[in-house]
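Trainee: Chain residues, written in single-letter form:
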Amino acid sequence: MKLAVAFVVALLLQLGLTASHLWWVLPACQPLLLVVVAAARRLDPVGVAWYGLAAGLVSDVLSQRIIGPGGIGGAVAGFVVASVVRRFEMEGPLYWIVGSLLASACSDLTWMLVAATLGVQPDHGLSGVLATVAMTGAAGLAVAAAERALRAWQSPARRRRRVLRRL
Amino acid sequence: MVQLRLRPDLAIVVVCIGLYIGSAAQARSPLGGTALSVAVATIAAPAVAVGNAVGAAWQLFWTGQRDLRSTLAELRKLRLESAELRRNNQLLSAEVTALRQGSRLLAAYPSLAERSVLARVIARDLPRTHTLRLDRGSRDGIHVDGPVLGEGGLVGRVDQVLEHSCRVQLLSHPAAAAAAAVAGVQQEALLVGGDQPRLTGLSPYTQVPLDSPILSTGSEGIYPPGLVFGTTLEARNDGLFTVVPVRLAANAAEVTVVLVLAPTVRGAP
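Keeping their order, the protein sequence lines are chains A and B.
So for the first sequence, the numbering used here puts the first residue at 1; every next one is plus one.
So for the second sequence, the numbering used here puts the first residue at 1001; every next one is plus one.
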């Protein structure tokens, strides 16, 4: 359920980031891929690949490209991220940062590969890939920082300190 | 009825292949302006509007902050300029005061103006060395033992001369001494310095009127005769002499411009 809510929020965010009043680099960020990364904690690689497929298809629809390559790219990205995270037992900020970088890189490179095999002219080049990886990585870093802050806020140690202060 | 069970890992591969084929079909026959694109645009509109609102607010905030920063910088600059102007104003006021004092000094002693040099006090040490430092030196014709005249009267004599400055030994210096006479008293006396300058050398029980002017006589060969040293305070007998405390006419703490006279030639009539 949480993942579904996160998916919708990420979808709206991805749409909102294309607003003309925002910084021009922001549309390169792919919040939907962060949901795929988040799914890697709870699901097996194939389950994450399904999530990636859905995210990629939605991205294709939103960006009004050919529907399909994005889904394939998302599926590959989800599988790779889940496999790497499990293999190296990643946790905390490293999980988010490596996961988001890996997911964006895999998704975009797969998309370009598929587009190349289909004979379709890609709508962005290497600089676009780099921008996507950088911005999605930055978003992953922000999520990691937010998660750490939330954990610190909800930690039992902090709760104990608060109780002791009241005594 | 045949039940088709597909493993999830195989299913996703199959779906991807299907997507690839579908993509190829789309690439061969592109569709434009479909209902899907209209739906996407409709769904995207509120999110884009929110994004634009956030972006516009951020731009406003950023512009305001930049304006505030530039305003504060301007304020800081203006404050510095104001302080600089205030300092300049003070310097100019001091300059004007000195010029006025100098012009009053020259007007007070017109006969001495020709053989004297107007100088400004650049440093003073009254409590320790009882000296003033002037901004004129040997290059301006200042010589050792030149009498120094303030607006109220004599201040002291030049005791050290450099090229661009000179030092004045005040009458309050413990080693200072000058021949003087009290108006209305026949005898000549010796004015000596110290924390309280005084006249000595008067015979005992000499009647010295209070607040009488004390003038130079020139007998010591430094100060020209007839210039004011100060006024008398209450006289008293001390041993063989009558001692008269003196209130000096020129306040060395306030004098800013002085007239340095050419030294008197010793032995000259």
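In short, the hints are calculated from the structure, not lab data.
From the three backbone atoms N, C-alpha and C, an ideal C-beta is built for every residue, glycine too.
Don't take every hint at face value.
To be verified - Here are a few chain A residues that face chain B, going by a calculated C-beta distance under 7 Å:
#1 19
#2 21
#3 25
#4 27
#5 49
#6 66
#7 75
#8 163
Trainee: All hints, please: hold or fail.
Mentor: So, going through the hints one by one against the coordinates:
1. 19: holds, 3 Å
2. 21: Cβ of residue 21(A) sits 3 Å from chain B, so the hint holds.
3. 25: violated, 13 Å
4. 27: Not OK, violated: residue 27(A) not within 7 Å of chain B, min 10 Å.
5. 49: Check passed: Cβ of residue 49(A) comes within 5 Å of chain B, closer than 7 Å.
6. 66: Status holds, d = 5 Å.
7. 75: With a minimum Cβ separation of about 6 Å from chain B (threshold 7 Å), the hint on residue 75(A) holds.
8. 163: For residue 163(A), the interface hint is violated, since the closest Cβ of chain B sits about 39 Å away, which is over 7 Å.
In summary, the structure is inconsistent with hints 3, 4 and 8 from the numbered list given earlier, while agreeing with the others.
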